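Asks: These are the residues of each chain, in order.
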Amino acid sequence: DAKTTQPPSMDCAEGRAANLPCNHSTISGNEYVYWYRQIHSQGPQYIIHGLKNNETNEMASLIITEDRKSSTLILPHATLRDTAVYYCIVRVLNYGQNFVFGPGTRLSVLP
Amino acid sequence: ETGVTQSPTHLIKTRGQQVTLRCSSQSGHNTVSWYQQALGQGPQFIFQYYREEENGRGNFPPRFSGLQFPNYSSELNVNALELDDSALYLCASSLVRDNEQFFGPGTRLTVL
Numbered sequence: 001d002a003k004t005t006q007p008p009s010m011d012c013a014e015g016r017a018a019n020l021p022c023n024h025s026t027i028s029g030n031e032y033v034y035w036y037r038q039i040h041s042q043g044p045q046y047i048i049h050g051l052k053n054n055e056t057n058e059m060a061s062l063i064i065t066e067d068r069k070s071s072t073l074i075l076p077h078a079t080l081r082d083t084a085v086y087y088c089i090v091r092v093l094n095y096g097q098n099f100v101f102g103p104g105t106r107l108s109v110l111p
Numbered sequence: 001e002t003g004v005t006q007s008p009t010h011l012i013k014t015r016g017q018q019v020t021l022r023c024s025s026q027s028g029h030n031t032v033s034w035y036q037q038a039l040g041q042g043p044q045f046i047f048q049y050y051r052e053e054e055n056g057r058g059n060f061p062p063r064f065s066g067l068q069f070p071n072y073s074s075e076l077n078v079n080a081l082e083l084d085d086s087a088l089y090l091c092a093s094s095l096v097r098d099n100e101q102f103f104g105p106g107t108r109l110t111v112l
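In order, the protein sequence lines correspond to chains A and B. Residues 1 to 111 in this note's numbering are what the first sequence lists, from first letter to last. Residues 1 to 112 in this note's numbering are what the second sequence lists, from first letter to last.
Do not rely on the hints blindly, as some may be mistaken.
Just a sample of chain A residues kept apart from chain B, beta carbon distances all over 10 Å, derived [what the hints assert, rightly or not]:
1. Ala13
2. Ser41
3. His49
4. Glu58
5. Arg68
6. Pro76
7. Gly102
8. Pro111
Selected chain A positions facing chain B (in silico; Cβ < 8 Å) [stated by the list, open to error]:
9. Pro44
10. Tyr46
11. Phe99
Calculated from the model, a selection of chain B residues having no Cβ within reach of chain A, i.e. all distances over 10 Å [said to hold, decoys possible]:
12. Thr2
13. Val4
14. Pro8
15. Gly16
16. Gln18
17. Tyr35
18. Gln41
19. Gln44
20. Arg63
21. Asn71
22. Leu81
23. Leu88
24. Ala92
25. Arg108
26. Thr110
27. Leu112
If you are wondering where the hints come from, they were derived from the structure by calculation, not from laboratory data. Keep in mind that this is a model prediction, so the values were computed, not measured. We treat Cβ as the ideally placed atom computed from N, Cα and C, and that holds for glycine.
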């Protein structure tokens, strides 16, 4: 079973920031938080990951709370092409470890 | 695009038949993982291959089997197809020590 909890759906206005929450209250000290997204009928796309510190790349920012029990993925200026299902996953970086996907959050960016 | 390719794109089979799906990993990646994604659900891990050996398996029956070749490409074989095997099958490649897996576009299998 997935170790994360996400809202099933969210809406965001085009051009505004999309803030996608994720709860992972049972996360272990050596587990990373990953975010992937899946646009309709395509393979999942890696977005970002982090352990303790906040992270930023060209796609998004990841904010992890100090107790690491929750995190937020931020898309700073959402576009229509960001409409997708977003998956938050916790994972140990180790041989044979794979991603346990939950149902994710369906983000709809509205014009 | 990730550089991971899968074939075929779509496939229709009947119950009881066998199917082989193929995956070419991203250049330099020595690990391939396979996932099954039923409609409306997140991907579910089937198994992973590293250097031509199975390196982890999810909760799937033995009729799901795989191979990895010296060039790190991979096959997923499913015997005795059932209606519930209808799904999108995803292949992902990675370096074992790397952080992220790169997914292909998937093969849509329909079992009638």
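Asks: All the hints need checking, so say for each whether the structure fits it.
Replies: Do the hints match the structure? See the list:
1. Distance to chain B confirms Ala13 of chain A as a non-interface residue, since its nearest Cβ pair spans about 26 Å, more than 10 Å.
2. Distance check for Ser41 of chain A against chain B: the nearest CB is about 8 Å away, which does not clear 10 Å, and the non-interface claim fails.
3. A beta-carbon of chain B is positioned within 10 Å of the beta-carbon of His49 of chain A; the least distance is around 6 Å.
4. Glu58 of chain A, annotated as away from the interface, keeps every beta carbon of chain B farther than 10 Å; the closest lies near 14 Å.
5. The Cβ of Arg68 of chain A lies farther than 10 Å from every Cβ of chain B, with a closest approach of about 17 Å, so its non-interface assignment holds.
6. At roughly 21 Å, the least C-beta separation between Pro76 of chain A and chain B is larger than 10 Å, which holds for a residue marked as non-interface.
7. For Gly102 of chain A, the non-interface assignment is contradicted: its Cβ lies about 6 Å from the closest Cβ of chain B, within the 10 Å cut-off.
8. No beta-carbon of chain B is positioned within 10 Å of the beta-carbon of Pro111 of chain A; the least distance is around 25 Å.
9. Because the closest C-beta pair between Pro44 of chain A and chain B is about 5 Å apart, less than 8 Å, the hint holds.
10. The interface hint given for Tyr46 of chain A is met, as the beta carbon of that residue sits about 4 Å from the closest beta carbon of chain B, less than 8 Å.
11. The closest approach between the C-beta of Phe99 of chain A and any C-beta of chain B is roughly 7 Å, which is under the 8 Å cut-off, so the hint is satisfied.
12. Not every beta carbon of chain A lies more than 10 Å from that of Thr2 of chain B, the smallest distance being close to 7 Å; the non-interface claim is violated.
13. At the 10 Å boundary, the C-beta of Val4 of chain B falls inside the reach of chain A, the nearest C-beta of that chain being 7 Å off.
14. Under the 10 Å C-beta cut-off, the non-interface status given to Pro8 of chain B relative to chain A holds; the minimum distance is some 15 Å.
15. Distance check on Gly16 of chain B: its Cβ is at least 27 Å (rounded) from any Cβ of chain A, clearing the 10 Å threshold; non-interface status holds.
16. Here Gln18 of chain B stays apart from chain A, with its beta-carbon at least about 24 Å from theirs, past the 10 Å limit.
17. Tyr35 of chain B, annotated as away from the interface, has a beta carbon of chain A within 10 Å; the closest lies near 8 Å.
18. Not every Cβ of chain A is farther than 10 Å from the Cβ of Gln41 of chain B; the closest lies at roughly 7 Å, contradicting the non-interface assignment.
19. A cut-off of 10 Å between C-beta atoms contradicts the statement that Gln44 of chain B is not in contact with chain A; the least separation is 7 Å.
20. With a cut of 10 Å on Cβ distances, Arg63 of chain B stays outside the contact zone with chain A, its closest approach being about 20 Å.
21. Consistency note on Asn71 of chain B: stated as away from chain A, and its beta-carbon is indeed over 10 Å from all of that chain's, at 21 Å minimum.
22. Listed as a non-interface residue, Leu81 of chain B keeps its Cβ farther than 10 Å from every Cβ of chain A; the least gap is roughly 21 Å.
23. The non-interface label for Leu88 of chain B is inconsistent with chain A: the shortest C-beta to C-beta separation is roughly 8 Å, within 10 Å.
24. With 10 Å as the threshold on Cβ separation, the claim that Ala92 of chain B sits away from chain A is violated: the shortest Cβ distance comes to roughly 8 Å.
25. For Arg108 of chain B, the non-interface assignment is contradicted: its Cβ lies about 8 Å from the closest Cβ of chain A, within the 10 Å cut-off.
26. With a least beta-carbon separation of about 14 Å from chain A, Thr110 of chain B lies farther than 10 Å from that chain, consistent with its non-interface assignment.
27. Taking the minimum C-beta to C-beta distance to chain A, about 20 Å, the non-interface status of Leu112 of chain B holds against the 10 Å cut.
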